[in-house]
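J.: Protein chains in written order, with the working numbering: chain Y, 1 to 358; chain E, 1 to 358; chain B, 1 to 358.
No lab work stands behind these hints: they were computed from the structure. C-beta: ideal position from N, C-alpha, C; glycine also. Mixed in with the good hints, there may be bad ones.
Unchecked claim - Subject to a maximum C-alpha distance of 20 angstroms in a straight line, what follows is the list of computed EDC-like cross-link-like pairs (lysine to aspartate or glutamate):
id	chain 1	residue 1	chain 2	residue 2
1	B	K120	Y	E274
2	Y	K120	E	D316
3	E	K224	E	E252
What the hints assert, rightly or not - Listed next, the stretches of chain Y that the computed footprint assigns to chain E, with coverage defined by at least 3 CB atoms under 8 angstroms from CB atoms of chain E:
id	segment
4	77 to 91
5	98 to 112
Claimed, not checked - In silico contact screen, one side only, chain Y against chain B (beta carbon under 7 angstroms); selected entries:
id	residue
6	A69
7	L94
8	D276
9	G279
10	K282
11	L309
12	R312
13	R332
14	M335
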Amino acid sequence: MKRTALMTDVGRDWDAFHATDISSKLPYFSRENRLYDCLFSQQFDRDLLDRLFGVADRLREVTQSKTGADAVRRLLSHKRAMLYFVQPSTRTFLSFLNACHILGLKTSEIRDTSTSSEVKGESPEDTVRTFSSYVDLIIMRHPLPGFVEKTAWFMNRVKRPVPIINGGSGKDQHPTQALLDVYTLHRSLKGGPEGKTIVMVGDLKRGRTVRSLSYLMKNYKGVKLVFVSPPQLRMEADILDFLKRHGIPCREADDLAPVLPEADAVYMTRIQDEHDKAGESKSLDLARFDFRAEHLKVIKPTAIIMHPLPRRHEIDVAVDEDDRAVYWRQERNGMWVRAALIAHIFGVDGLIPAGDKH
Amino acid sequence: MKRTALMTDVGRDWDAFHATDISSKLPYFSRENRLYDCLFSQQFDRDLLDRLFGVADRLREVTQSKTGADAVRRLLSHKRAMLYFVQPSTRTFLSFLNACHILGLKTSEIRDTSTSSEVKGESPEDTVRTFSSYVDLIIMRHPLPGFVEKTAWFMNRVKRPVPIINGGSGKDQHPTQALLDVYTLHRSLKGGPEGKTIVMVGDLKRGRTVRSLSYLMKNYKGVKLVFVSPPQLRMEADILDFLKRHGIPCREADDLAPVLPEADAVYMTRIQDEHDKAGESKSLDLARFDFRAEHLKVIKPTAIIMHPLPRRHEIDVAVDEDDRAVYWRQERNGMWVRAALIAHIFGVDGLIPAGDKH
Amino acid sequence: MKRTALMTDVGRDWDAFHATDISSKLPYFSRENRLYDCLFSQQFDRDLLDRLFGVADRLREVTQSKTGADAVRRLLSHKRAMLYFVQPSTRTFLSFLNACHILGLKTSEIRDTSTSSEVKGESPEDTVRTFSSYVDLIIMRHPLPGFVEKTAWFMNRVKRPVPIINGGSGKDQHPTQALLDVYTLHRSLKGGPEGKTIVMVGDLKRGRTVRSLSYLMKNYKGVKLVFVSPPQLRMEADILDFLKRHGIPCREADDLAPVLPEADAVYMTRIQDEHDKAGESKSLDLARFDFRAEHLKVIKPTAIIMHPLPRRHEIDVAVDEDDRAVYWRQERNGMWVRAALIAHIFGVDGLIPAGDKH
Chain Y
1 MKRTALMTDV GRDWDAFHAT DISSKLPYFS RENRLYDCLF SQQFDRDLLD RLFGVADRLR
61 EVTQSKTGAD AVRRLLSHKR AMLYFVQPST RTFLSFLNAC HILGLKTSEI RDTSTSSEVK
121 GESPEDTVRT FSSYVDLIIM RHPLPGFVEK TAWFMNRVKR PVPIINGGSG KDQHPTQALL
181 DVYTLHRSLK GGPEGKTIVM VGDLKRGRTV RSLSYLMKNY KGVKLVFVSP PQLRMEADIL
241 DFLKRHGIPC READDLAPVL PEADAVYMTR IQDEHDKAGE SKSLDLARFD FRAEHLKVIK
301 PTAIIMHPLP RRHEIDVAVD EDDRAVYWRQ ERNGMWVRAA LIAHIFGVDG LIPAGDKH
Chain E
1 MKRTALMTDV GRDWDAFHAT DISSKLPYFS RENRLYDCLF SQQFDRDLLD RLFGVADRLR
61 EVTQSKTGAD AVRRLLSHKR AMLYFVQPST RTFLSFLNAC HILGLKTSEI RDTSTSSEVK
121 GESPEDTVRT FSSYVDLIIM RHPLPGFVEK TAWFMNRVKR PVPIINGGSG KDQHPTQALL
181 DVYTLHRSLK GGPEGKTIVM VGDLKRGRTV RSLSYLMKNY KGVKLVFVSP PQLRMEADIL
241 DFLKRHGIPC READDLAPVL PEADAVYMTR IQDEHDKAGE SKSLDLARFD FRAEHLKVIK
301 PTAIIMHPLP RRHEIDVAVD EDDRAVYWRQ ERNGMWVRAA LIAHIFGVDG LIPAGDKH
Chain B
1 MKRTALMTDV GRDWDAFHAT DISSKLPYFS RENRLYDCLF SQQFDRDLLD RLFGVADRLR
61 EVTQSKTGAD AVRRLLSHKR AMLYFVQPST RTFLSFLNAC HILGLKTSEI RDTSTSSEVK
121 GESPEDTVRT FSSYVDLIIM RHPLPGFVEK TAWFMNRVKR PVPIINGGSG KDQHPTQALL
181 DVYTLHRSLK GGPEGKTIVM VGDLKRGRTV RSLSYLMKNY KGVKLVFVSP PQLRMEADIL
241 DFLKRHGIPC READDLAPVL PEADAVYMTR IQDEHDKAGE SKSLDLARFD FRAEHLKVIK
301 PTAIIMHPLP RRHEIDVAVD EDDRAVYWRQ ERNGMWVRAA LIAHIFGVDG LIPAGDKH
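Next up, chain Y with everything else stripped away, as it sits in the complex (with noise of 0.2 angstroms):
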């Protein structure tokens, strides 16, 4: 379907829309070969993820030296953006801002909502489009399951539209923390994702990073999949419904020293026991599902070990110190990536001046 379509069509009624499927809806959040809101993971095909991780690992390069960082920061230098944090999230919030920072653009910070109109009866739809008469991007973070996805939907009916990007909305998406997670699959491992073994640990029912990263793996050849949790944590019946139907092999467990051998790549989670109904994460035998420093031993010399952070017990910070930890690189990642995100929404992935060293 086309964007003016879906414009024209549903895209005047919002229920209409949202009921409609993601792979449809697509199109309505791309302009010209690329996209202009970043919503959902389902917008990561290969070639865009190959094209990503290129300007993110360009982007590092060239800012090593002064001259290159001085010119990466007048790509956007006559840009300003919108953090609108309204659910706090202090790591994702800051990546972003120093993402931006990185390419020169200004920032404007919103991190709650008292101070703000809304209390006055104001639409929550009046209240971003007047933020968003002052900048060019809102990078969005809100607790509703999809309020990103509306306001982009409703921005880019206005006569001045600017772009949205999903900073985490509800539980559903986190788009960004799915590309990071790819990203350091793709510059930690030799060759990339494809033919790897990646072993997912810990409460997999409700990780939201562990749903999306399956997800993108279809994107990726050869992949194998193991979901190592609690049988009270395993991994829902939508994602492995969906390997299955994409051909990606996987297998659960309930132990994780078995399975680390054949890791190339081992993706710990903690256990998300904020949403639990009566404590029933307290009852679990989580020893289990912890990395412990001699595991270190049992390991591939060339795999990673990766955590979305913040971490508890899950990982030992005797293992911080082994070249295969990758989770503190993994959250400099996220930065890069969302910087290449950014350039690639306004175009200017193509201006980025070659290193020093080339």
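Chains E and B: place on chain Y using the hints.
T.: Positioned in the frame of chain Y, the structure of chains E and B alone reads:
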């Protein structure tokens, strides 16, 4: 009265200064034929309005190209501003913040006082003077009437003065809101406000914006005003007297529809029921003061619909798509005219490069 | 002890490291004859003080012209700083923030921890390390004594270290406050502190600034100190012992007026009654420790009056207009010497261009 005389005479005594009528005070807040502080809408005469609007027009034109935007961003790249907003106001705050960013000013924010040393028994004057140490400009919003003026008066007497811009001081003055309203009339009405009929609607008694706008109409010839409100929320007598003295024709009405055909500009406002003493607004029949979609058929093709925002029910959202609805542009006008004001205060308005189109 | 030795020996164990005396620790926080982290006032020897003051003097001179200010702003335009202020301190925060802006550093702010992942059970070390991922410098204020030092110790051991500047750590250390106080003596007293008589007044027992300033006087020859306080708020014995050991003459007094004629600098402080255990300050006769307008007649024409601010009653506001009252300049000195410190840490102090006057 000369600035120096005021400084040595009543200038030493705030109470005496404050009691002086505004027109006598104005020289104290100007330097070398420019505003130094921007405190009152009474500071805007026709000549200054035309200068500021010309600057705003040039800024927005020049910044359409990256080259122009980067040149404008270098105008005040050596200056630092503080936004001292101890009264919440997200939109005015963002408007000023982005105006600063357009001109390249670096910004610091104070958005509440709970973290400041005021709690340790410091005087408000000391607090402001300390904060002024780090910057070249203070943009201030404060809940106490007169506080911003007192700060400017006081800061003019210290060894290292910095200009003060009033971002809203109690209920008495919000000069840049008045400025953006007149700028919108200037920009969206062919030929500007002269000879036009302006219909102001809603809570005229308690709305600061309609009061200031009425006042500033003295700068334009042939303006006619129509005040449409519930009888309980009529424009106050002081403004009606002022208009009479200046020969500005005005009349009152209590129903919007019959008045609309003659309007060149319809200035809608919301009922400020937060100022109700006992919920008296609830008993009013407000439907007669709403602008509905069907009204679009009766207004002139050249008419404009304004609103200071936030809006509630008083303008139907279906009106938003009409080209005559300019309230979103009005928001953006605010950012540009604030940038123009800052450029004027620092005397760099003459340095704005020509746009690409020239 | 060499830095490498410390890293391999006690460097691996925080408790052992922390227990080491400060002079042995200093090499751990320096690199290539420069501070890497700024944690203790004990890091400032005479040579470093002179270097930093020279840099601060040059920065403020050069930035008087727009050309110079823009050049200075390019020195660190490729770097990003984080102001991690989990203890409220508006003025220190603003002073550092604007110091960063002068040098062109982009800034991120953490001003409370309630929105951070610390609430999800993350360790403070992980939180700081995560935040450090995005930036090149952390300026930290923290309520816990030793926390900033521990952070710097810890961050020196990770693969991607960033320098840490102490912006106030509990009640024990606030080295940049000490720095700005000495810089003010250097700048406002002809010939600097050498051979001068410095009178410190007020709450000497609980005031961190007077303790650090006394300590740093060991770097200057011929300084004499006079401590004027109520008997209950006398300078602590450890500082008196330190001065004795270093042959710095000092004496105590309990009335300000008789001491004033010999003062080259009068360092006023406020009574820190927030540290009272049972309101004991209220029973003190504090009038004898106030600097009143009539005292201006008895101090030397070359004397200066300092105060770390905020002030309450202890200096009459009528004193502000006297040229010898330098406390507002002292505030500005703080911003400049902090900018100098940051330039020093990044090794760009040698790149500051010459001012127009040279």
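J.: Are any of the numbered hints broken by this structure? If so, which, sorted upward?
T.: Checked against the structure, the hints that fail are numbers 8, 9, 10, while the rest are satisfied.
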